[in-house]
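Model the full assembly from the supplied sequences, consistent with the hints where possible.
One-letter residues, chain by chain:
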Amino acid sequence: MTKTWKDILQDSMPEDLAHQIDIFEGQIELRKQGKMDEKVFAETRLRRGIYGQRYDNGRRNDGIRTQELNFPSGDLVKGPDTRWDAPGMMRIKLPFGGLTVEQMNVLADTAEEYSDDILHITTRQDIQLHYVHIEDTPDLMRRLAAVDITTQEACGNSVRNVTACSIAGVCHDEAFDVSPYSHAMAHFLLGHDDAQDFGRKVKIAFSGCEGHACGLVKMHDIGFLARTVNHEGEVKKGFMVFVGGGLGTVPQQAKVLADFVAEDKILPLSQAISRVFARLGEKKNRNRARLKFLVSDLGIEEFRRLVQEELEVIPADPRHTEYIKTLPEYGEEPARQGMILNGATLPEGFNNWYRTNVYKQRQAGYSTVTVNLPLGDLTSWQMRQLANIAQEFVGDNVRTTVEQNIVLRWVSDSDLPEIYRRLHAIGLGDAGANTIVDITSCPGTDTCKLGIASSRGLAGELRTRLIEKRAELPKAIEDLKIKVSGCFNSCGQHHVADIGFFGNSRRSGNHKVPHFQVVLGGQFTNNAGSYGLAMGAVPSKSVPDVLEAITNRYVADRQGDETFQKWVERLGKREIKAILEPFMTLPTLEEQPQFFSDWGDARIYSIDDIGVGECAGEVVSLFSMEISKAESEHFEGLVSLDEKDYEAADHYAYNAMILAARALVRTKFPDVGDNPDTIVSEFKTRFYDTELFFDPFVKGKFARHLLQRHENPPPQVTPDSAYQLVEEAQLFIEATHTAEGRINGVIVS
Amino acid sequence: MPAPKRIIAKLFIENPQDVHPEAIVHLFHRWIQQHAVEGLLIDVADYKHVFNGPGTILIGHEGDYTYTTSDGQAGLQYTLKQSEAESLNEALAITLRRAVDAAEKLQADEALSGVRVNFHEIQIALADRLQYPNQPEVLAAVQPHVQALANVLFGGETLVQVADDDNRNLITFIVKSETAISLENVTQRLAVAQVG
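Protein chains in written order, with my numbering: chain P, 9 to 757; chain L, -6 to 189.
Hints should not be assumed to be uniformly reliable.
Unchecked claim - Among the chain P residues that face chain L by a calculated CB cut under 7 Å, a handful are:
#, residue
1, W13
2, K14
3, G66
4, R67
5, D70
6, I72
7, E120
8, E121
9, N396
10, G608
11, A610
12, I612
13, I615
Since the hints were made in silico from the structure, they are not lab data. Virtual Cβ for every residue (Gly too), placed ideally from N, Cα, C.
What follows is the structure, encoded as structure tokens:
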């Protein structure tokens, strides 16, 4: 029999991840058979990091007309108006951006076998693979799980990747290394019961210091800023905690929830915030469903009071503080001894690269090297070569960054020339990391359903032009940040750039023209300390000239070492508008047809392809998500019957009933936990004894299937008993659906 | 041998310096408009900014057509992603036929004026580490299949080489011949040999 990845990797995957992937594989089958609601499947898919892509509604404007994309699976969908066979995106979570050599090699393999040979680093330290088929995702996830990577909760209404400074632990300014805390937070909240019923996503970030950018905590839903306090002569570690920050269409600066929270209190605090958000956050209107709106509506004082109230009733959980014990052991092992760079022959181009791409660590003899990735992209081959370099020089000390680059940490200074040579040989030796040429961009119209203009096309064009004249660029603009989003949703983080752009469109005659709104004066430093302001929209094809006009004027006007933000503030909106105005006039299609196509796209521009985004996930009730787990277990039971594995069938059927009961109990008692005894006891008290579960005709019959199996497990599982239990589980699940609808009203909102 | 999950065939461009990268973007969009090549064609992905990368990809459902610069050598590549093929030979045949078809269309396109494809040499890779891991015994088992197919297609002396020795890479062969291959030859010879 042909071996599968599941067979091969069974012993390498963490058990819980392996089980989750099996469940999802079962859900794929259920959806194909029409036995799972498309909205529920969409949300469960999103929560596993599997996202839709542009044109997945089966229509695409080819520049002349809108063509139907007749995928072979016909009407089968993987979510509302989302064709089954349409290529999608896989988002891979990397807590604090951490990567090992082994993980790099496996990621390279998966990009080659399931995607288009490109690994894309995102602005939240994730990696994305595009053009992935839904049916390839279980194996893709297994291969990642085998090297301890999960895609779980990378999308959907969940806690997304927990990010942190890419130089945490080697930084000169940090209070302490936030890496192990971000790691602990990511693992604690992954799949946590209290983080499953959000109306929108929650983004969490950690930063080691206040003044520099890396962590960007003030633009996150929840931000942790490392601090120490001196308490009776003892230095205590903890965090200043921010809540309610976010970019999106309505950017908001986070508010201070607490000036100092001790290190052993941050996990229960995040749990309490999650509970308040799940309970009171908006669920129906996705445009107001982020935490920032709840904080804003309640006011920070009331939000703080509610969190405090919640903290007092959260059940004790050993995981709240377990990780503290492991902190003293946390540390990174350099692969080589740190030695100074002394007298070595330096390759051509090294000095420029050294100036922009090398950060001297606080540990003597070591540096962190930024590998500058154009638009955050690298090929599988480049990833493997980078893995070779890492293995030889730095070991597993590799991280992704929010500026869509990769850093190699703990590079011995004496190795820098050789590393530069090696990077140069694989096309990754570009200087200019974190400078004006290192432009951040979201996917935009390349792959995003919401994209209005080609952010990557524009970013690529600007990068090419800036690199061509890098030698002549004035020093004053070298360190400016440029960030581009394809629409107003800010995935390219344009609000925190000196010069930001976000896509929109304007009309000229009977045609639409791709445009970018110019956003000036944002602040990347001070943890995204302030946001830029929109100054006016210009045609996409004029943006390079606009950029030149703005930077020329800044260089000419600059007083002393005035920052770009101060200059924008001093100049005022009227003057800025005057700089932009000459570029705002629109030609006709006949006069200048190039204005009517976007960067890197040969088609006449159209907004017909803009679809419904999946950023917001599907608004599906907690019950629907929970009961779907029961249905998946039941499906596994059916498969086990087919395979004549009756012990397994019995186990899955029983589990299915427990999960269904839990789904119902959690609508009234969210803290029921995982213990089957507690679940059954709560179910009995709340729904059986009260007869709330009872069907008008058969009364409590289906509930008794669970109660009897729980009280009296069969001494020996027989084929007959297994078949019967699988049948009973199905009846119990159906009865639970009915009861929930009767008790709580609408199931899927 | 079973059909691999993905199979890739690349024909090399003889004069890449004469090909403007933007022209390929335009060409692939035209191919979508005109349904010019086989399969459901979805979109064009642009990776020209990536060193030795996939360049420009015409994303399809059954397979992707790529004007690639991988390994530093420009080429027209077809990647078979979804097919009914049940055997390695069948999958190879489909992949080669589509690659050669696309390469001929590329060469004939007036807007590209004078691009030349080398039809004497093909690079073939199997993107399936589950069934075809890059191990000596697997290479040895696959090589005769590639050799047999090459003999049929080129009809004469052919040389099949293993492309590189890094076993993390995909199993990759280079097939070379004195004679050139054409779509007409591919179709006829595969039919005669009943391998497709």
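A quick look at each hint next to the structure:
Using the Cβ-Cβ criterion of 7 Å, the hint placing W13 (chain P) at the interface with chain L is satisfied: the shortest such distance is roughly 6 Å. With 7 Å as the threshold, the beta carbon of K14 (chain P) stays out of range of chain L, its nearest partner Cβ sitting at about 10 Å, so the hint is violated. About 10 Å separates the beta-carbon of G66 (chain P) from the nearest beta-carbon of chain L, more than 7 Å, and the hint is not met. Annotation: R67 (chain P) was flagged as interfacial toward chain L, and the flag is violated, the nearest CB pair being 11 Å apart, outside 7 Å.
Checking D70 (chain P) against chain L by beta carbon gives a least distance of about 5 Å; that is within 7 Å, so the hint holds. Annotation: interface hint on I72 (chain P) holds; nearest CB of chain L at approximately 6 Å, less than 7 Å. Because the closest C-beta pair between E120 (chain P) and chain L is about 6 Å apart, less than 7 Å, the hint holds. Annotation: E121 (chain P) was flagged as interfacial toward chain L, and the flag holds, the nearest CB pair being 5 Å apart, inside 7 Å.
With a cut of 7 Å, the hint placing N396 (chain P) at the interface with chain L is violated, because the nearest CB-to-CB distance is about 9 Å. Residue-level restraint check for G608 (chain P) holds (minimum Cβ-Cβ distance to chain L is 5 Å; threshold 7 Å). With a cut of 7 Å, the hint placing A610 (chain P) at the interface with chain L holds, because the nearest CB-to-CB distance is about 4 Å. A cut of 7 Å between beta carbons decides the hint on I612 (chain P): the least distance to chain L is about 10 Å, and the hint is violated.
The beta carbon of I615 (chain P) comes no nearer than 16 Å to any beta carbon in chain L, farther than 7 Å, and the hint placing it at the interface is violated.
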